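With these hints in hand, go ahead and build the complete structure from the sequences.
One line per chain: the protein sequences are A and B, in this order. Position one of the first sequence corresponds to residue 1 (the numbering used here), numbered consecutively onward. Position one of the second sequence corresponds to residue 1001 (the numbering used here), numbered consecutively onward.
Worth flagging that the hints you see were computed from the coordinates, not collected in a lab. Please note that the accuracy of each hint is not assured.
Pair ranges (Cβ atoms, derived) [to be verified]:
| id | chain 1 | residue 1 | chain 2 | residue 2 | range |
| --- | --- | --- | --- | --- | --- |
| 1 | A | N6 | B | G1044 | 20 to 26 Å |
| 2 | B | R1066 | A | G34 | 26 to 32 Å |
| 3 | A | V66 | B | Q1034 | 49 to 55 Å |
| 4 | B | P1043 | A | E148 | 37 to 43 Å |
| 5 | B | P1043 | A | M67 | 39 to 45 Å |
| 6 | A | E139 | B | E1067 | 50 to 56 Å |
Treat the numbers as computed from the prediction; the structure is a model and nothing was measured. Every residue gets a Cβ at the ideal spot worked out from N, C-alpha and C, and that includes glycine.
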Amino acid sequence: MIEKKNKLTMVVLSGDMDKVMAAYIIANGAAAAGTEVIMFFTFWGIKAIQKGNLTGKSIFGRMLGVMNRGGVDAIGPSRLNMGGMGRWMFKLMMKMHGVTPLNELRDAAIALGVHLIPCQMSMDVMEINCNDLIPEAEEPVGVAVMLEHANESSIQYFI
Amino acid sequence: MTDKPSLSLDFKGLLCPMPVVKIAMAMKQVQVGQLVEAVATDPGVMADIPAWARTSGHELVELEKREKDFRFVVKRAK
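Okay, here's the thing in structure tokens:
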């Protein structure tokens, strides 16, 4: 039996603004309280650690790169996006209420030492390479590494 | 008597999770045993700062609701 550490492992599958925001808020709260935090970004979640440039090599990969643009500034809410209108409106409303924007939440998480780990398989499928990710992203790994982290974590999340 | 805070911070206008993030970062700027004082306007700090103190192990010395804001003092414990 592995002893649980003061550690949190989170799988971020969603690439929507609202869900990524929740993920970074939880990560910040935990890291601020001294918890080691592992964020494992898979599938749409990869967008949360992308720089935001166009990606892809093959015709399909490039199409995906255009239609599924990464980066925290490009992602829209999971509901009421309405072709980008929702994203614009939510950003404006959050600014009006003084909510910390997504890019600053991510910077805070990085400053607190949160580990940002991409999923290798998702990157292969979506034709995203390490240069498309922010420099703070760590080496891509697979499910076994994520499970090893989760196994010794006292808190686990799937977002 | 109370010790004088080594650092005084303004968290006015900041919403969750920033008060907790910023107080955690402030802990790294002072020595063990020193105090950090902060003023916030988010009512969430009344519940969140004590919870942060319990999990992080730092000591919450004061937490008060004032007329227009909230003031708290934390001591770096480790």
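Cβ distance range 26 to 32 Å for R1066 of chain B and G34 of chain A, holds or violated: holds, 28 Å
P1043 of chain B versus M67 of chain A beta-carbon gap, inside 39 to 45 Å or not: holds, 41 Å
Distance restraint hint 20 to 26 Å, applied to the beta-carbon atoms of N6 of chain A and G1044 of chain B: Between N6 of chain A and G1044 of chain B, where Cβ atoms are some 23 Å apart, the hint holds.
C-beta pair E139 of chain A, E1067 of chain B: status relative to the range 50 to 56 Å that was hinted: Distance hint for E139 of chain A, E1067 of chain B holds at roughly 52 Å.
Pairwise beta carbon distance, V66 of chain A to Q1034 of chain B, judged against the given window 49 to 55 Å: holds, 53 Å
Assessment of proposed distance window 37 to 43 Å (beta carbons of P1043 of chain B, E148 of chain A): holds, 40 Å
Hint compliance for this structure: every hint is met.
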